[in-house]
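**Student:** Residues per chain, in single letters:
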Amino acid sequence: MTTITTRESAEDQGVGVKKSGGFTASAANYIDERTSISGAVKELGRKIFPDHWSFLLGEVALYSFVIILLSGSFLTFFFQASMAEVVYDGSFAPLKGIPMSAAMSSTMDISFDIRGGLLMRQVHHWAALLFVAAIGLHMLRIYFTGAFRKPRELNWVIGFILFILAMAEGFTGYSLPDDLLSGNGLRIIDGLIKGIPVVGTWFSFLLFGGEFPGTDIVGRLYSLHILLLPAIIVALIAMHLLFVVVHKHTQYPAAGHTNQNVVGYPVMPVYAAKAGGFFFIVFGVVMLIASLFTINPIWNYGPYDPSPVSAGTQPDWYIGFADGAMRLIPTGWEFVWLNHTYSLNILVVLIVVGLFIVTVMIYPFIEAWITGDKREHHVLDRPRNAPTRTAIGAAGVTFYASLWAAASSDIMATHFHLTMEGVIHTLQATTLLGPFLAFFIAKRVCLALQKKDREIVLHGYESGRIVRLPGGEFVEVHQPVDEYERWKLVSYSDFKPLMLRPNAQGKIGVAEKVRAGLSRWFFEDRITPVTQTELNRAHGDHPAEITDK
Amino acid sequence: MTKIKTPRARRPRKTGRRHPLASVALIAVGLLFTGGAYVAFSTSTAVATTDASSQQTIAQGEKLFAANCATCHGLSAQGSSEGPSLIGVGAASVDFQVGTGRMPMQMQGPQAQKKPVQFTPEQTAALAAYVASLAPGPAIPSGELLDAAGDAATGAELFRINCAMCHNVAGAGGALTEGKFAPAIENVSAQHIYEAMITGPQNMPVFNDMNISPEDKRDIITYLKYVENNPSPGGLALGSLGPVAEGLFIWIFGLGAIVALTVWITAKSN
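Line by line, the protein sequences are chains A and B. Converting from the first sequence to this note's numbering requires adding 118 to each position, the first position being numbered 1. Converting from the second sequence to this note's numbering requires adding 833 to each position, the first position being numbered 1.
There may be inaccurate statements among the hints.
Unchecked claim - So the derived label-pair ranges between C-beta atoms look like this:
1. A:F613 with B:T1099: 26 to 34 angstroms
2. B:T1099 with A:S156: 27 to 35 angstroms
3. B:V950 with A:T459: 48 to 56 angstroms
4. A:L473 with B:K947: 41 to 49 angstroms
5. A:G327 with B:W1097: 45 to 53 angstroms
6. A:N457 with B:V950: 54 to 62 angstroms
7. A:D600 with B:W1097: 24 to 32 angstroms
8. A:T477 with B:M940: 46 to 54 angstroms
9. B:E1061 with A:F474: 23 to 31 angstroms
Said to hold, decoys possible - PhoX-like cross-link-like pairs, simulated, lysine-lysine; straight-line CA separation at most 20 angstroms:
10. A:K312 with A:K165
11. A:K614 with A:K631
12. B:K1101 with A:K606
13. A:K160 with A:K366
14. B:K947 with A:K392
15. A:K570 with A:K606
To be verified - Away from chain B, derived, C-beta distances all over 12 angstroms, residues of chain A:
16. N147
17. S172
18. A220
19. P269
20. W320
21. G337
22. D434
23. R502
24. V541
25. E591
26. S611
27. T646
Simulated from the structure, these hints should not be mistaken for lab results. Please read all numbers here as calculations on a predicted model, not as lab measurements. A virtual CB, placed ideally from N, CA and C, is assigned to each residue, including glycine.
Chain B extracted, bound-state conformation (with noise of 0.2 angstroms):
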């Protein structure tokens, strides 16, 4: 057995890293994983349902539309004199609308009211695609901005400023003209806080993320979901509703038990 040429001594072959391919397949596995990376990230906070997009769920989308959204708001979302255009609303505006049961709406009013949810998460979904293929808008928010583990300190200093003077420091809602109001945000999920603020609905203004970054709205929702998950230390909190409510109390049963006692104090014995 006699080797004659051994590959490696003699002179070197194009292979390997020396390949002259190699660059290529270097810049295409780099771009690869740049893409790749980019499209996790950007799926990450823009779209959570991977089929969201796809032209099937757009299709069907379309017809829910059609047979639910379309007399008020137009065969193409073009709007009518029943509602406003949703071209441009964005997905978040669908969900948030949809998902909390406000639309389709019940009946005209001053303002459309929270009742049960009427559609699948599937078929909101499919909505709120077709809406976002219409026109760019903002998207559902997902992932950390959720997840309220912010700072709940920052959050309720930027709810009293920002919130309060409709919802009420503690979120209990409150009262705006012409029957209008601000809805209490008790047992709302952290989704639909973030979209509300995001696409500002009804009578509520936009809170763009230039006005309150994404990481102050985190803060925002962490702050209402401590409120939520922590009886007040007080005690019952009477509907949070402020000196109203306890007036109104201590009137009804504060001094009508004592009311109720001075009689049984100076009732005749038999």
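Looking at chain A on its own, in the form it has when it is part of the complex (with noise of 0.2 angstroms):
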């Protein structure tokens, strides 16, 4: 009956052609006929988006890559990825007659040279930055509301690792103009590089071509720049997209909101509209940052040279919490063995950040197994309903902005009149030390939070309405919540520690004991949701819903 049907509509289009529907309608039926793709927009054009705005930072990121690669392909026109030395002759005048290489060179030219140039730059730079703090704000916000949990495990991994690499397109990229500040920060990596035991000169020599800075690695980072990472990101940002598609997406608690349905807008037309008009605004906020504001100003840097290093030397922020986590190591950090010193300075801080890394990259799976929580999740977590999960985020983000806060230790030295070792041994003492207050103070407030809602759900707002009943007694009239509102208020899992449970021989192993400590340590403070016979009994012995009716 359907075949039918489509037939008869198709031939009505063919013949239509001459009649009615003009150019748009035959040129559509033309790409149909020869890729069938009203399938898929029919499939796409339907899905069903829900509106919140935290829902728009992963987009911001996406258009924000957009922009870089327009601007990138612009700058790819003009820029020389090449450490040959030739003598500056463009228009700046304090760095006329200076010998340079001539991607230094080039980036000059693009910078005053070239019409539209200095813009595109820092249309590029700026874009980049923004890039990287979207895609930060994006992963907090999937973390703090459980959006990670099944089925998108692997779509938080395909994300952190393009968070990874977002941060390596960022280093390559600010190490291309081979100005002082980028030479500076390679040389930061090259002695991380030689840090290694063993291997680490090796690995440096590779790198470099020979003894740092040699006269390779601009056109290598060249190479990885515009060519490996690029593709491999688009490539993991297809994928990443297409598990959107493939997942649903997820939707805040809310009254008619649950695991089966999504509740939002179809993509087409009106999500289709905002979305794309959102793009323009975002390039937009780019073009005029870029466009007020200047970045990477390389002609205050000058050419690089190894014996310069200007104070206030720090990398782009991504990279800061590198940076910091090395000014945060306490001098003499290394020891002589066997004729080799080995430099604890730089291990730690390698094995810490790596720690810190894998274990954000894998938390899913962490937290999956903590809670043996095998179904599938498509409404997200208010945060204070999952305290435990809060805390560990607030004691990861306080660890992160002490690092991240130490790579600019000498600025806050200066600009608040503070002594550069307070500064260092206050962040050292966040570093160690705040994580664990974060973890209790939020916990505490999450459960706090649950507390009050539950009195809310129970026994409604407080109206400020005293009322005398006839026996005498004095009481408040509470304002009982409307059921929307309650719904969002009880409508989380209760999750208890897991039970001790044998396995097929009989036995406890250490990893189920682990495993049901960790699990207890994760549920042991909870809050339960409040279940139907609370409710009931709470509003049938509640003295203001009397009074109220």
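Work from the hints to combine the two standalone chains into their complex.
**Tutor:** Here is the structure:
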């Protein structure tokens, strides 16, 4: 039956080219007959996306990436990834006649002698900073709402790899102009690599094609920056988005939102129009910033020369946490053994930062193992309803923020009139103790908020109206919470610590004990959601309800 | 009217250049010119104010010193536990420290900070003359050295190599240990920049003329004045502080604006 109707309609359209519909209809028909794209359009066009501002953060990252691709393509037309020495002879007087690499010289030309070049450089760099920042904020949203739970664990991992790749893209791009600042940055990377025992020096020579800085590194970073890394990023973004379509979008808890449905707008036409318009808004914001604010003034830094290091030399913000970690290591953390120096000051940083990164990447699996939760989740958690997760997140953010802040220790010292040593010691303390404090505070705050929610569900809001009962008793009238609001407050799943259960052989292994212990730690302090019985009982004997009616 | 003798026709008389005293006069004139030129030249590079070394000025400087500086530097500038000896620091040092308001110090701290200048130029000159009279030291520079018309490219390179590690490549300043810092070099006069290089105030090392020649110092001043007088080609410079300022900006204003816009775009219409 259906096949007949479609054939008929197709015929109708075929005839209708002459009658009505015009060019659009015939063009659409032409394309559809050859690609069968209407199926995909129909499927995608009816895809529902929920509307919430925090769901747009990933889009911001995507749009920033598009801006980066566009402006980056412009830059490749004029940039020369060569470290051949040339004498600068462009428009900028304070560098005229100074020998520098072709990379630096061509970047100077882009900035001063190519129309629109400086704007494009600034667009590219500002968009890159925004790209990584938007990814960071997007990740925080995913984490604190528990959107990484089954079935989205793999998409979390893909997203996290994208975050790492974005940082790699940023760092390789930052190093390309071969100016003083980026050269200093590369020297730190060189030092980090050389600090790895046994293989470090070999790796460094492999990377730089000999002793630092050599004449190869800019060309190599350029290949990574414009070819390999973007290709991987594009592929992973495609997978990331495909997973979003396959899994359907998550939604915040609200009346009518369940694990089986998605409440929102279809892609066509509302959402597509909003998202398309939003791209231009993001582009506009980046353009505005790039045209008003200087970024990476390489003309101040001058060409790379291994001898000078400027005060205030820092990496771009997303590498700051690693730079800060090195600043926080106390002096003298190294020892000599068998005529070799072992640089703990570098190794500890590599190990701690590496562990931190890996833990964040595999966190969904860790949490799933601890909770033993195998259900699918499409409704997000309110952060307060997962107190331990929120507390772990707060601890992680505090740890990262301390390392990050340490990268600006010198700027803090000069601008707040503090001592450099005082800033470093304070940040050492916040790095080690801050996460515990943050964990404790965040967990208590979550539990308190849950208690408040419970109170509101059971007894409503305080209205401030005092009523005297016939018996002489004074009571305050409570305004009952409406049904929609109540749904949001009570609809979360309650977890209990895992029971220790023997396996098939009837034994309880060490792993099981650890798991049960962690599970107890995770769910020990919890506020159970209000049940229907509790609700009925609360409303049954509530004097306020009686006086209200 | 009979002219018996015409002086010219007669035997030459010992007058004019033949005069016995002519050679003495010539030597006197020569000496006067040489000495005058020397004096003129040396005053142009050494001491700008003509009366700087006059006894009266020195006496006035001594009084000012006793009233304002002697508490820490000692009654005869010999130094104390509170402040260093000023014997041999030269007029340039006094002109820098007092002329930028760093001295007299407001309070003891990691380093003397810039503040509104306390003395008039004449008083500063008197103090400088007094300290310079104690022992020879670097004089106050003047003239061509301060005209900021040298080679900015050489100056920029020298600045990156010698100065940027503390003062930052754009002269925006930087941190040192234990609360000390290298100040920003914005709106500092060429004379004070030059004096700082030759006297090494506070934690700054001395860059004498063997280390950086006077012409090179002139180039450095040229570069600094270039940076000061030419706005950043890329727009607002965010303090020329580098990636920290840029990162803070993108998080607070860039991402802040974007988040505000996401809230706006997803807001339910009324």
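**Student:** If a hint holds in the structure, say so; if it does not, say that too.
**Tutor:** These are the hints, each one checked on the structure:
no. : hint                                    : verdict
1   : A:F613 with B:T1099: 26 to 34 angstroms : holds (31 angstroms)
2   : B:T1099 with A:S156: 27 to 35 angstroms : holds (29 angstroms)
3   : B:V950 with A:T459: 48 to 56 angstroms  : holds (52 angstroms)
4   : A:L473 with B:K947: 41 to 49 angstroms  : holds (46 angstroms)
5   : A:G327 with B:W1097: 45 to 53 angstroms : holds (51 angstroms)
6   : A:N457 with B:V950: 54 to 62 angstroms  : holds (59 angstroms)
7   : A:D600 with B:W1097: 24 to 32 angstroms : holds (27 angstroms)
8   : A:T477 with B:M940: 46 to 54 angstroms  : holds (49 angstroms)
9   : B:E1061 with A:F474: 23 to 31 angstroms : violated (43 angstroms)
10  : A:K312 with A:K165                      : violated (51 angstroms)
11  : A:K614 with A:K631                      : holds (16 angstroms)
12  : B:K1101 with A:K606                     : holds (19 angstroms)
13  : A:K160 with A:K366                      : holds (16 angstroms)
14  : B:K947 with A:K392                      : violated (54 angstroms)
15  : A:K570 with A:K606                      : holds (13 angstroms)
16  : N147                                    : holds (34 angstroms)
17  : S172                                    : violated (8 angstroms)
18  : A220                                    : holds (18 angstroms)
19  : P269                                    : holds (25 angstroms)
20  : W320                                    : holds (31 angstroms)
21  : G337                                    : holds (24 angstroms)
22  : D434                                    : violated (5 angstroms)
23  : R502                                    : holds (21 angstroms)
24  : V541                                    : violated (9 angstroms)
25  : E591                                    : holds (43 angstroms)
26  : S611                                    : holds (27 angstroms)
27  : T646                                    : holds (32 angstroms)
Figure legend: structure checked against the earlier numbered hints; hints not met, in rising order: 9, 10, 14, 17, 22 and 24.
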